[in-house]
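Chains as they are written, first to last, in numbering that gives the first Met the number 0: chain A, 0 to 325; chain B, 0 to 331.
Among the clues, some could well be false.
[Unchecked claim] Here are the computed distance ranges between Cβ atoms for each label pair:
1. B:313 with A:193: 33 to 43 angstroms
2. A:250 with B:139: 51 to 61 angstroms
3. A:48 with B:277: 47 to 57 angstroms
4. A:87 with B:188: 19 to 29 angstroms
5. B:188 with A:95: 14 to 24 angstroms
In case anyone wonders, no lab produced these hints; they're calculated from the structure. The structure presented is a predicted model; accordingly, all values stated were derived computationally and were not measured. Where is the CB? At the ideal position from N, CA and C, for every residue including glycine.
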Amino acid sequence: MRDITYAQAINEALAYNMEKDPGVFLMGEDIGKYGGIFQVTAGLIDRFGPERVIDTPISEAGFVGAAVGAAMTGMRPVAEIMFLDLTTCAMDMIINQMAKIHYMFGGQVNVPMVLRCPMGTARNAATQHSQSFHAIFVHIPGLLVAAPSTPYDAKGLMNTAILDENPVVFVEHKKLYASKGPVPEEYYTVPFGKAEIKRPGRDITIVATHAMVHRSLTVAEEFAKDGIEIEIVDPRTLRPLDKETILDSVKRTGRLIVADEGQVTCGVASDISAMVAEEAIEYLQAPILRIGSLDTPVPFSTPLEKIFAPDEENVREAINKMKPYL
Amino acid sequence: MEVKMQLSEKEMVGLYEMMVKIRLFEEKIADLNAQGFIPGLVHPYIGQEAVAVGVCKNLRKEDYITSTHRGHGHVIAKGAELKYMMAELFGKKTGYCKGKGGSMHISDIRIGILGAMGVVGSGIPIGVGAALSSKMRKTGQVTVCFFGDGASNTGAFHEGLNLAAVHRVPAVFVCENNLYGISVPQRQHQAIQDISVRAAGYGMPGITADGNDVVAVYETSGEAIQRARLGEGPTLIEYKTYRWRGHHTGDPNQGRRYRPMEEIQEWIKKCPIKRWGETLTEKKLLDEAKIKKIQEEIEKEIEEAVSFAKESPFPDPQDIFEDVYARKGVER
């Protein structure tokens, strides 16, 4: 199997679905000739033309709303928000319309669309282009939230997202776009609501998302040398959440760390922790630990940015904190 | 009133009937709301009937509309059935939205009613998307977005109209300027008199017309809808009109906290139904007996709708979980 990048994997899924279904089209800022700010849509305008790869005005509410209307009337739009931060400009469309239309109209109409949103702190983009508040979307009933960590998952989850009859917020991590991994050339899907154990282990479960999966994998290898075997569970979709795989893992290891790049307060890590505490506390042999970004806005300066977002060191600290309970 | 466009006598009377239907429905709704049968608040369309009726007369079944919190008139004029509307307003399981939407969110997708969006201005980008979709699918459908003067100040209006103009989508933006954004008069919420002047900023035609003259509405919107259908792009039309009641049923005394009785009375004199009724009477197409008959038939239909709603069951508690997601049986 060849290795391609996370960005190329998403690009392949988009191209395949556009080829197969004339209803699939793309909207977003600078996704045409420019290829998207992170080059995810590179080359697609040459293949499918400007009618299906639509460079929109800088109008997030306008084009997300238009994607909703198109999805209600027989199309399957995939809209790109340049940075997750900019979903704030389209919050009414996302939270009040896209998420609610199926329910508030009594199931009369579906909204089969995908909203692609790059999150993650990277490259000194400062506070308005670096946030990871994807938990907001997990909070909203009516939305599905995908969170791929590998090129393989990115392509498979995107294929599923485009086929799904529901609105999907597809949260991509900026720092993963250039990461490479094996991806089949042929079509496949990764189901929603099915976590993957990225590394098996008997001692501690780390439920990790996006880049935290890779950071945790690196650290897990270090601790393996000391005989501590860490299991890494990647939920892959945050809604639906594969509680079963998470609970099963925690029941085996008896220890849980949750690592998500969003802020811990009311975040993904907190919600998963609470779920495990409610449903499996009798299996726990140690307090649950959460890893996330610091509770501050994202700072610009390199040393500050470095301590803002969680990295391998935060994972190491958490494991060391858990050591007395092993 | 001069009638330039081709309307049969039956169609001319039909415009009258449809306006009466909306008026009587809204009056009944206000009563049922006061009596406690209809929960929540409703935003009566009384006084603005000519806009919905004149515009929708030009639309085909498959054409789309987006509506607003004050949407009953739009959906009735587009062909919604009163009994499913009434059941929805009662919060019953048999309503258009199974009791999940209520007054501010009525939709009937089968006849192109993409729904009433309760957030001011939100229907505009969604309607632009529907129009873009019909353009891409080459179906010849037109989308009409209804909204008010208040919505013309939102970002959604600006972003939606700009996007529509750039892509020349088959949409018509119908702004019902009833002179108040809830309680704030137009002069306090925008420094222009005619909202249609904003069209120039998007590179589309803008028209202002009398929203209480059903034929003027029919003709001006008819031209815009035809232009849209022919692929000549969108139009912004402003219809000057007035709501007789308060912003909603909880806004007492016809909104006299913020507008004088004399002004309300002036507009009641310009009643669109009375005006068109007088014209039809002059044309010998209506007389007192016919008017009485029309009213009685509509009252009967409304009563049947009320009975249907009253007899219908409320949703079951477990229905709260239904339709959160589009696929049944998948735990999410």
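For each hint, the structure was consulted:
1. Take residue 313 of chain B and residue 193 of chain A: their Cβ atoms lie about 37 angstroms apart, and the range 33 to 43 angstroms holds.
2. A hinted range of 51 to 61 angstroms for the beta carbons of residue 250 of chain A and residue 139 of chain B is consistent with their spacing of about 59 angstroms.
3. The given range of 47 to 57 angstroms is respected by residue 48 of chain A and residue 277 of chain B, whose C-beta atoms sit roughly 55 angstroms from each other.
4. In this structure the hint that residue 87 of chain A and residue 188 of chain B lie 19 to 29 angstroms apart at CB holds, the actual value being about 24 angstroms.
5. Range check, residue 188 of chain B to residue 95 of chain A: Cβ separation about 22 angstroms, and the 14 to 24 angstroms hint holds.
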